[in-house]
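Given chain A, put chain B with the ligands in place with the hints provided.
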Amino acid sequence: MALLEIRDLQTHYGAIEALHGISLTVERGQIVTLIGCNGAGKSTTLRAISGLIPVTSGSILFDGKPLVGVAPHEIVKLGVAHAPEGRGIFANLTVDENLDLGSYLRRDRDGIARDRERVFELFPRIRERLRQNAGTLSGGEQQMLAIGRALMARPRLLLLDEPSLGLAPQVVQTIFRIIREINAAGTTILLVEQNAHMALQTAHFAYVLEVGEIVMQDEAKKLAESDEVRKAYLGVA
Amino acid sequence: MLRMKARSLELSPPAWTILPRNLLALVVILAIAIMMHAWVRPAVGNYYNRVMMDVGINIVLAVSLTIVNGFTGQFSIGHAGFMTLGGYVAAATTYYGSQLLWSKAAFFGGTLSSNTAESVFSAGLLGGGDLLFVAGCVLGGCIAAGAGYVVGLPSLRLRGDYLAIVTLGFGEIIRVLLQASGPQVTRTADIAAKNPFELTTALGGALGFTRVPIYTTQFWTILFGGVTLLVAYRLKQSSMGRALLSIREDEVAAEAMGVKTTRMKVLAFVIAAFFAGMGGGLYAHQLGQINAGELGFMKSFDFVIMVVLGGMGSISGATLAAIVLTVLPELLRGVAEYRMIVYALLLIVMMLVRPQGLFGVREAWELIRPLTRRMFGSGAKA
Ligand SMILES: Nc1ncnc2c1ncn2[C@@H]1O[C@H](COP(=O)(O)OP(=O)(O)OP(=O)(O)O)[C@@H](O)[C@H]1O
Ligand SMILES: [Mg+2]
Numbered sequence: 001m002a003l004l005e006i007r008d009l010q011t012h013y014g015a016i017e018a019l020h021g022i023s024l025t026v027e028r029g030q031i032v033t034l035i036g037c038n039g040a041g042k043s044t045t046l047r048a049i050s051g052l053i054p055v056t057s058g059s060i061l062f063d064g065k066p067l068v069g070v071a072p073h074e075i076v077k078l079g080v081a082h083a084p085e086g087r088g089i090f091a092n093l094t095v096d097e098n099l100d101l102g103s104y105l106r107r108d109r110d111g112i113a114r115d116r117e118r119v120f121e122l123f124p125r126i127r128e129r130l131r132q133n134a135g136t137l138s139g140g141e142q143q144m145l146a147i148g149r150a151l152m153a154r155p156r157l158l159l160l161d162e163p164s165l166g167l168a169p170q171v172v173q174t175i176f177r178i179i180r181e182i183n184a185a186g187t188t189i190l191l192v193e194q195n196a197h198m199a200l201q202t203a204h205f206a207y208v209l210e211v212g213e214i215v216m217q218d219e220a221k222k223l224a225e226s227d228e229v230r231k232a233y234l235g236v237a
Numbered sequence: 238m239l240r241m242k243a244r245s246l247e248l249s250p251p252a253w254t255i256l257p258r259n260l261l262a263l264v265v266i267l268a269i270a271i272m273m274h275a276w277v278r279p280a281v282g283n284y285y286n287r288v289m290m291d292v293g294i295n296i297v298l299a300v301s302l303t304i305v306n307g308f309t310g311q312f313s314i315g316h317a318g319f320m321t322l323g324g325y326v327a328a329a330t331t332y333y334g335s336q337l338l339w340s341k342a343a344f345f346g347g348t349l350s351s352n353t354a355e356s357v358f359s360a361g362l363l364g365g366g367d368l369l370f371v372a373g374c375v376l377g378g379c380i381a382a383g384a385g386y387v388v389g390l391p392s393l394r395l396r397g398d399y400l401a402i403v404t405l406g407f408g409e410i411i412r413v414l415l416q417a418s419g420p421q422v423t424r425t426a427d428i429a430a431k432n433p434f435e436l437t438t439a440l441g442g443a444l445g446f447t448r449v450p451i452y453t454t455q456f457w458t459i460l461f462g463g464v465t466l467l468v469a470y471r472l473k474q475s476s477m478g479r480a481l482l483s484i485r486e487d488e489v490a491a492e493a494m495g496v497k498t499t500r501m502k503v504l505a506f507v508i509a510a511f512f513a514g515m516g517g518g519l520y521a522h523q524l525g526q527i528n529a530g531e532l533g534f535m536k537s538f539d540f541v542i543m544v545v546l547g548g549m550g551s552i553s554g555a556t557l558a559a560i561v562l563t564v565l566p567e568l569l570r571g572v573a574e575y576r577m578i579v580y581a582l583l584l585i586v587m588m589l590v591r592p593q594g595l596f597g598v599r600e601a602w603e604l605i606r607p608l609t610r611r612m613f614g615s616g617a618k619a
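So the sequence lines, in the order shown, correspond to chains A and B. 9 is the number that the numbering used here gives to position 9 of the first sequence; each next residue is one higher, with no gaps. Here the numbering used here = 1-based position in the second sequence + 237.
Source of the hints: derived by calculation from the structure; they are not laboratory data. Computed from a predicted model, the values in this text were never measured in an experiment. Note that the Cβ used here is the ideal one computed from N, Cα and C, for glycine as well. A portion of the hints provided could be inaccurate.
[Unchecked claim] Below are the BS3-like pairs computed for lysine-lysine, each with C-alpha atoms no more than 30 Å apart in a straight line:
(1) 77(A) / 497(B)
(2) 431(B) / 65(A)
(3) 431(B) / 341(B)
(4) 221(A) / 231(A)
[Unchecked claim] Under 7 Å between C-beta atoms, here's a sample of chain B residues computed to sit facing chain A:
(5) 477
(6) 479
(7) 483
(8) 486
(9) 488
(10) 490
(11) 492
(12) 493
(13) 494
(14) 495
(15) 497
Next comes chain A alone, as it looks inside the complex:
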């Protein structure tokens, strides 16, 4: 059984249908990426998975359990963590407090302490900035904090929404290296990206979303070589 199985997912914002019935599968231990243009519905898909917006129809199975209609905090408890678009950092709280909120629903003191250590190993910069207000971090550091904070929930499935947004190329490289490290340590990742180049290099499997519909899906390597994707998303003539 796959870790995440979405079937015919439909969502609406008011009267506007944002997803027209998409299906996708995330296998255990993989990095799966969802690429597409602005407004394709990538963030909407992640929001639907973590229960932040209502679902019109279709099903979302996480580890065999249905997520549709389940409250967001229950979904976090089941093991899905979401680093939202635009990072969603708590700017006036310290880095430390941001991390604490990541483990908000957990009560296992020792496990939390261990995961903090792990986050510090992945992002040494965060340890140095613990006492600082998160809003004073650089964009790259904020992204690291957003990912670190999501890891504090000790998720089995990590949803990342455009982690490379607005970052310098070197920082993007670092972030993607860390995403691979997190995955190598056993966390399954669903990665939403506009940076198709990096995403296809990093992921095992990829889906292409266009205005609310999946138009292509294949192993990431193969998609990266396909003509359509090269033209539309990799900017190769």
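Same frame as chain A, but now just chain B with the ligands:
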């Protein structure tokens, strides 16, 4: 590695220490309240005694409003509504209660509730009357908390200006309802003859509820103020408090962390309304009367200003602002009518110079620590 572990343990002390830690704080608050009442009150005289009580009551109101406006970032401008509601409930409880129990609404308290006792230890500290008074205040707090729940519900769907309008409307509804209530029953025989439920609507109407026995003293304002501060501070330190703050920072992200945002927002209203109701009880028993007409929007606005000036979310900031904004009008006695102008100017200057308020979301000591560190240095590793 070891150091990190020790630190994070220090951050969240074991659960079993919660009671002892708070007991100690409560004992300290109680001791301060008794000492202030026993020695400072007789020394400073009536006028300063009254100002100090005003400060205590305003701290209760400003700090409780901080929980809604400061912590969760909702914008309530109806806080005086909860105060009024709690005040009337408390006043009616002591007034009608005294009439029924002792056949007259007079003072039946101990020295802790007396503003005239020469020596606090010359007679009993507590009597039956002040117990009735405290029960009335707690009941007022509970009823206000219930109203807080009802007002908090729209906060689930409404944000910003719209929620502000709802809270404003709530305050006005409370005022209008109370002003439309029946006349206060003053003859002991009539009170005894009536069904207690009828008395709940006999709240004095436009004349306000009067002849309330006076029980509020520095002892009670310091005790209630201290407890409000303690609860607010413990709340802020707790993971629940952090959850409230995260809602204000980014509601969607908070929800993604697993914070039950809807429940938390209503909870903030309930807690804040409870203390506002208790504060209303103190207010009514300080003046010996309470009139909804005098506790309208302008009163709510006073508390909003205290919270905004102190820094949205800063307990010490709201406390300091409550002290300054209570004492300042006393100093500016002659120009009392211009109070609102002074407030407005204060707000404008604050928004220009320090838009986050005096302390922002932080507490005074949290800001002092890095400052001293920067000044005296403690090595590169901070
Ligand atoms: N809160 C909202 N209310 C109404 N419409 C919305 C809302 N959020 C998104 N939409 C619409 O839903 C569609 C999909 O949006 P979504 O945010 O999922 O796109 P996206 O693929 O994440 O785009 P981007 O790469 O720009 O982040 C868009 O047409 C958008 O305008
Ligand atoms: Mg998006």
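Item to check | Restraint check, 7 Å cut-off on beta carbons, for residue 486(B) near chain A | outcome: holds, 4 Å
Next on the checklist: Just to be careful: measuring from the Cβ of residue 477(B) to every Cβ in chain A, is the smallest value less than 7 Å?
Outcome noted: Constraint on residue 477(B) not satisfied, violated at 10 Å.
Item to check | Proposed proximity, residue 341(B) with residue 431(B) (alpha carbon, max 30 Å) | outcome: holds, 15 Å
Next on the checklist: Hint residue 493(B) vs chain A: min CB-CB distance below 7 Å?
Outcome noted: holds, 4 Å
Item to check | Hint check: 7 Å Cβ-Cβ cutoff, residue 488(B) to chain A | outcome: Status violated, d = 10 Å.
Checklist entry - Does the CB of residue 495(B) sit less than 7 Å away from some CB of chain A? => result It holds, given that the least Cβ distance between residue 495(B) and chain A is near 4 Å, below 7 Å.
Next on the checklist: With the threshold set at 30 Å, check whether the alpha-carbon distance from residue 221(A) to residue 231(A) stays at or below it.
Outcome noted: holds, 15 Å
Checklist entry - Does residue 483(B) meet its interface restraint, that is, does its C-beta lie within less than 7 Å of any C-beta in chain A? => result holds, 5 Å
Next on the checklist: For residue 77(A) and residue 497(B), compute the direct alpha-carbon distance and say whether it is at most 30 Å.
Outcome noted: holds, 12 Å
Next on the checklist: Would the hint on residue 492(B) be counted as holding, given a Cβ-Cβ threshold of 7 Å to chain A?
Outcome noted: holds, 5 Å
Item to check | Restraint outcome when residue 479(B) is required to lie within 7 Å of chain A by C-beta distance | outcome: Holds - the Cβ of residue 479(B) comes within 7 Å of chain A, reaching about 6 Å at its closest.
Item to check | Hint status (Cβ of residue 497(B) to nearest Cβ of chain A, threshold 7 Å) | outcome: holds, 5 Å
Comparing the model with each earlier hint shows violations of hints 2, 5 and 9; every other hint is respected.
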